Amino acid sequence: MEEDVLQLRALPDDAGKRLDAYLAASVDSLSRSYAETLIADGRVTVNGEQKIKKYKMKDGDEVAVCIPPPKRLDVAAENIPLDIVYEDDDVIVVNKPRGMVVHPSAGNYDGTLVNAILYHCGDSLSSINGAVRPGIVHRIDKDTSGLLMIAKNDRAHESLAEQLRVHSVTREYWALVYDNIREDSLTIDQPIGRDERNRLRRAVNGSNPKRAVTHVRVLKRYGRYTLIAARLETGRTHQIRVHLSYIKHPLVGDTLYGPKKQVFGLDGQLLHAKILGFVHPATGEYMEFNSELPVYFREVLDRIDPDQSV
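Following my numbering, the numbering of the sequence shown begins with 363 at its first residue and continues without gaps.
These are calculated hints, taken from the structure and not from any lab test.
Check each hint, because a few of them may be wrong.
[Unchecked claim] Listed below are the simulated SDA-like cross-link pairs for lysine to any residue, each with C-alpha atoms no more than 20 Å apart in a straight line:
| no. | residue 1 | residue 2 |
| --- | --- | --- |
| 1 | Lys418 | Thr407 |
| 2 | Lys572 | Ala523 |
| 3 | Lys413 | Thr399 |
| 4 | Lys610 | Arg593 |
| 5 | Lys504 | Pro443 |
| 6 | Lys379 | Ala402 |
| 7 | Lys413 | Tyr396 |
| 8 | Lys504 | Gly620 |
| 9 | Lys504 | Pro459 |
| 10 | Lys572 | Leu562 |
| 11 | Lys379 | Lys418 |
| 12 | Lys622 | Asp503 |
| 13 | Lys504 | Lys415 |
| 14 | Lys413 | Glu424 |
| 15 | Lys504 | Arg517 |
[Stated by the list, open to error] Each pair of labels, with its calculated beta carbon distance range:
| no. | residue 1 | residue 2 | range |
| --- | --- | --- | --- |
| 16 | Glu650 | Gly378 | 40 to 48 Å |
| 17 | Tyr648 | Lys420 | 37 to 45 Å |
| 18 | Asp366 | Gly422 | 39 to 47 Å |
| 19 | Asp445 | Val389 | 31 to 39 Å |
| 20 | Glu654 | Ile442 | 17 to 25 Å |
| 21 | Lys413 | Asn567 | 24 to 32 Å |
| 22 | Val447 | Arg371 | 40 to 48 Å |
Since the structure is predicted, the reported quantities are computational estimates derived from the model, not experimental observations.
Note that the Cβ used here is the ideal one computed from N, Cα and C, for glycine as well.
Starting from the given sequences, assemble the full structure and let the hints guide the process.
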């Protein structure tokens, strides 16, 4: 497989940014650490010349980025049961349980969704997103449950990734948050970047922020709690969790962005990817899937209002 070459041109707003920060901000799939690696390996040129990562960008700079092909996957296939909602030759839609990591990373090399998908699909997965994320087009947090789409070939991956890029994928999450949200609906349009004080967190207006938009609709009020539907327009890491915490309504069970004391005996936030819709890469047909709230989520709702179910 040949390496990809990305051609970029700096805009006036990019002037003064470090080269590594500029790359991470300009290419969604490129982390700052990987940008640093590419620069150190001589795979990035500015106006035809190699620069250090601290190079300050100028308006009009022409940047070329050579991204090497993914290395052969060194992650074992594991016979882990999957809740498959839909599958054909191009895509799979799975219902991920809470507690499962989507793809291998430091400290999580087995038991992930990728390990399970490799066993189920073998070599029938796209290779676009690197060696340890075959087929993975988007992801949800370990302690978030719900629907994910997975690409079984590169053509499908490119189509689904483009739909995500132009914000045409329907992604609706249900969450239980603290306190009463007075508005019936609202939109949170606040950029999200890395929290400079805690590497595990993201923050509104954090380091290297990117635009993030979440549309919130109240489903039911429970006095001290509110059940909401949150539709993603963008898809930043921890977006719903960060945005709801920012407006002082953190997710119940989210000790990273909300109260440290757990309630209801939870082990993670009450956040479920309930609705997923996209245009099929091959047929052009719009498809939409709806996943029931998991048992542990419904049990909490029953405890706070046993006479009325959702």
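| task | Please work out if Lys413 and Tyr396 have their alpha carbons no farther apart than 20 Å. | result | This hinted pair holds, its Cα atoms lying about 15 Å apart.
| said: Next pair to validate is Lys413 with Glu424; report whether the Cα-Cα distance is within 20 Å. | reply: 12 Å, holds
| query | Can the restraint linking Lys504 and Pro459 be considered satisfied, given a maximum Cα separation of 20 Å? | reply | Given that 20 Å is the threshold and the Cα spacing comes to 9 Å, the pair holds.
| query | Val447 and Arg371, beta-carbon distance inside 40 to 48 Å? | reply | 41 Å, holds
| message | So if I understand the rule, the pair passes when the alpha-carbon distance is 20 Å or less; does Lys504 with Gly620 pass? | response | 17 Å, holds
| message | Check whether the Cα positions of Lys379 and Lys418 lie no farther apart than 20 Å. | response | 5 Å, holds
| query | Does Asp503 lie within 20 Å of Lys622 when you go C-alpha to C-alpha? | reply | 18 Å, holds
| Hinted pair Lys572 and Leu562, Cα distance within 20 Å | Holds, because 17 Å separates the two Cα atoms, which is no more than 20 Å.
| 20 Å Cα cutoff - pair Lys504, Lys415 | 32 Å, violated
| request: Indicate whether the distance between the beta carbons of Asp445 and Val389 respects the range 31 to 39 Å. | output: Distance hint for Asp445, Val389 holds at roughly 33 Å.
| request: Sort out whether Thr407 lies within 20 Å of Lys418, counting only the CA atoms. | output: 13 Å, holds
| Taking 20 Å as the top limit, are the C-alpha atoms of Lys413 and Thr399 close enough? | Between Lys413 and Thr399 the Cα gap is close to 12 Å, so the pair holds against 20 Å.
Figure legend: structure checked against the earlier numbered hints; hints not met, in rising order: 13, 15 and 18.
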